[in-house]
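Fit chains B and C to the supplied structure of chain A, relying on the hints for placement.
As a plain string of letters, each chain reads:
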Amino acid sequence: MSKGLSLKPVAVLVAICAIAGVLLGVVHQVTAPIAVANAEQRARDTYAALVPEAASFEEVETDVEGCTAALRALDGNGNDLALIVVAQSKGYGGQVPIAVAFDASGTVMSITAMPNSETPGLGSRIAEDEYIGQYVGRPAEQLAAEDVDLISGATISSRAALAAYNIAVSVYEEVQHG
Amino acid sequence: MMAQYASILFSMILVNNFVLVRFLGICPFLGVSKKFDSAAGMGAAVTLVMVLATAVTWPIQQLLAAWGLEYLQTIAFILVIATLVQLLEMAIKKFIPPLYTALGVYLPLITTNCAVLGITITCIDEGYTYPQALVAGLGAGLGFLLAMVLFSGVRRRLEDAEPPACFRGMPITLIAAAITALSFVGFSGVIDHLFGA
Amino acid sequence: MADEVAARPSAWTNFSKGLLAENPALRQMLGLCPTLAVTTAVGNGLGMGLATTFVLVCSGTVVSLLRKAIPSSVRIPAFITIIASFVTLVMMLVEAYLPALNDALGIYLPLIVVNCIVLGRAEMFASKNPPLAAAIDGLGMGVGFTISLVLMSAIRELLGAGTLLGMQVMPSFIEPMIIMVTPAGGFAVLGVLIAASVALEQNRTRKMGAPAELAPDSPCDGCALACGLGDPADPDCARDGAEAFVAQVEKALEAEEPHIVKVEVQRDDAAAPSAEEADA
Chain A
1 MSKGLSLKPV AVLVAICAIA GVLLGVVHQV TAPIAVANAE QRARDTYAAL
51 VPEAASFEEV ETDVEGCTAA LRALDGNGND LALIVVAQSK GYGGQVPIAV
101 AFDASGTVMS ITAMPNSETP GLGSRIAEDE YIGQYVGRPA EQLAAEDVDL
151 ISGATISSRA ALAAYNIAVS VYEEVQHG
Chain B
1 MMAQYASILF SMILVNNFVL VRFLGICPFL GVSKKFDSAA GMGAAVTLVM
51 VLATAVTWPI QQLLAAWGLE YLQTIAFILV IATLVQLLEM AIKKFIPPLY
101 TALGVYLPLI TTNCAVLGIT ITCIDEGYTY PQALVAGLGA GLGFLLAMVL
151 FSGVRRRLED AEPPACFRGM PITLIAAAIT ALSFVGFSGV IDHLFGA
Chain C
1 MADEVAARPS AWTNFSKGLL AENPALRQML GLCPTLAVTT AVGNGLGMGL
51 ATTFVLVCSG TVVSLLRKAI PSSVRIPAFI TIIASFVTLV MMLVEAYLPA
101 LNDALGIYLP LIVVNCIVLG RAEMFASKNP PLAAAIDGLG MGVGFTISLV
151 LMSAIRELLG AGTLLGMQVM PSFIEPMIIM VTPAGGFAVL GVLIAASVAL
201 EQNRTRKMGA PAELAPDSPC DGCALACGLG DPADPDCARD GAEAFVAQVE
251 KALEAEEPHI VKVEVQRDDA AAPSAEEADA
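Residue numbers (this note's numbering), protein chains in the order written: chain A, 1 to 178; chain B, 1 to 197; chain C, 1 to 280.
All clues stand as given, with none of them false.
Subject to a maximum C-alpha distance of 35 Å in a straight line, what follows is the list of computed DSBU-like cross-link-like pairs (lysine-lysine):
#1 Lys17(C) / Lys207(C)
#2 Lys35(B) / Lys93(B)
#3 Lys68(C) / Lys94(B)
#4 Lys128(C) / Lys93(B)
#5 Lys35(B) / Lys17(C)
#6 Lys8(A) / Lys68(C)
#7 Lys94(B) / Lys8(A)
#8 Lys8(A) / Lys128(C)
#9 Lys93(B) / Lys8(A)
#10 Lys93(B) / Lys68(C)
#11 Lys17(C) / Lys128(C)
#12 Lys68(C) / Lys128(C)
#13 Lys35(B) / Lys94(B)
#14 Lys68(C) / Lys17(C)
#15 Lys207(C) / Lys128(C)
If you anchor each label on the Cβ, the simulated ranges turn out as follows:
#16 His177(A) / Tyr130(B): 35 to 43 Å
#17 Val22(A) / Thr13(C): 33 to 41 Å
#18 Ala199(C) / Val22(A): 47 to 55 Å
#19 Val30(A) / Ala165(B): 48 to 56 Å
#20 Glu70(B) / Val169(C): 38 to 46 Å
Note that these hints are calculated values from the structure, not bench results. The beta carbon of each residue, even a glycine, is placed where N, CA and C say it ideally should be.
Just chain A, same shape as in the assembly (with noise of 0.2 Å):
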């Protein structure tokens, strides 16, 4: 397939590209706002889910690798209820994403998988009560492998999850202790 010197398929093609990019950056502008606003509010979910009470958050600037998110959770009146960390560790297909409540002794206070790409059935099941829940009471320590029940047939699913938890653990003793 030798393009030749003729101008016109090079013209025809540049053409094609041209058209293309300038309707992709129209709708761009349209989709790209929408997607961001969502992906805020799943986040807003998360955390109304993990701390019911909390009235409003408050970003806190941490930079521990892994951590994509760290925010106290305030009452009414402005105090601290938990804080809240978003860490993730690489898993089978992807990212793993975990979100810990800590609450002000350094207990979790709650716990949960956030959407993730890992295989639905086996990977995914680190979301069930039946894994993620055996973090939940614990004082804010690093964990390792013995110390929890991994799912038979995902341990790299939930060795990531552990250590999504443990990078969370870490930006809570960094917070706390400053």
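Same frame as chain A, now just chains B and C:
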């Protein structure tokens, strides 16, 4: 540092083998793996294209990101790959004729090979640096080559088999591929332990 | 295939051929990457099928509308650009309105652009037919593809996780066969499904009195423009360098003993061009 590159390389070849674990490049895998020569040739050609494609698309992604045009990634990448393969074929034909005889005929088939587009997108998604992306491209290609060559051996055996009529051809090949894929499951988790990642 | 184009088939024939007889995944063996990769759950298979159908219909229509304007030498890059644009469009829409599907399909959504079905139909049908026919053909192929995806994912999800569309269907005392949702299970289920569709087709032709045909090993193996012709020597074969490829592949694949190629030698006196033939 070296351990990190080795980890990426081996994970691409074994744990995340593009064909048997990630299902990319199935069309040529099932189509061209019948004989060792064509399997090796196709695998080598794909490796070459993958490394070059990663080398070229990674800087382009940086440009797209700088201009806020990430949504043009798919179009840009596939056009770059198509052009790259075209130029590569012309260059090899002109400068290294023996190489062209060996693998030139497979090059046009690689343009729409999902494995090539797959590795370029994967390098971006995984957030690899430039050297890491090149190593990943090499690993993905070598993994593809490994799968092709292994499978050509399996298919050689299949030729002597006599499955039921409706299974002859593609279906029994797929069953054989299933068993080959099963053998690769044994690698998951090995790399992380080996390199302590 | 060429006959169909000439005879201007009815819209129903055009649409329904993609459902069984020329089902892209099960009969033409195209688009196997997504078929194997995303069919671990019915929701994913359905989503991928619908996204691909959307791209097939839209790109087929546009390619058909522009078929007279695109010079032949750049038709493949032009088709690819058009297809890639619609894939990007689908990606943007899914990211905005169906984020869960976006997470589940991951990298396979942009890979629709290299799905052999889409480029194959653009090359073989859309570029040679009016827009409405191209759209219907795209729809038929897309629906056929979606059906095969849903079928595969139903089997894999049911046996591998005991659920369908996320809802528990299998009684809890039956332990799910996890292998079904692994790559090995994907290959195996696809192999069985293709065998089943071949058997169905053989039954059908046997009932009609024609001898049962075994699935031939196609010399078109590896060509992404698979058009169903099954013969690169056919003048309609769109692949560049097809003849050279056929010659090389034939030499490499089929020869058990030394293969001497037929050579014709033209002598200066045009009286008798002599030909040396050997065993083919």
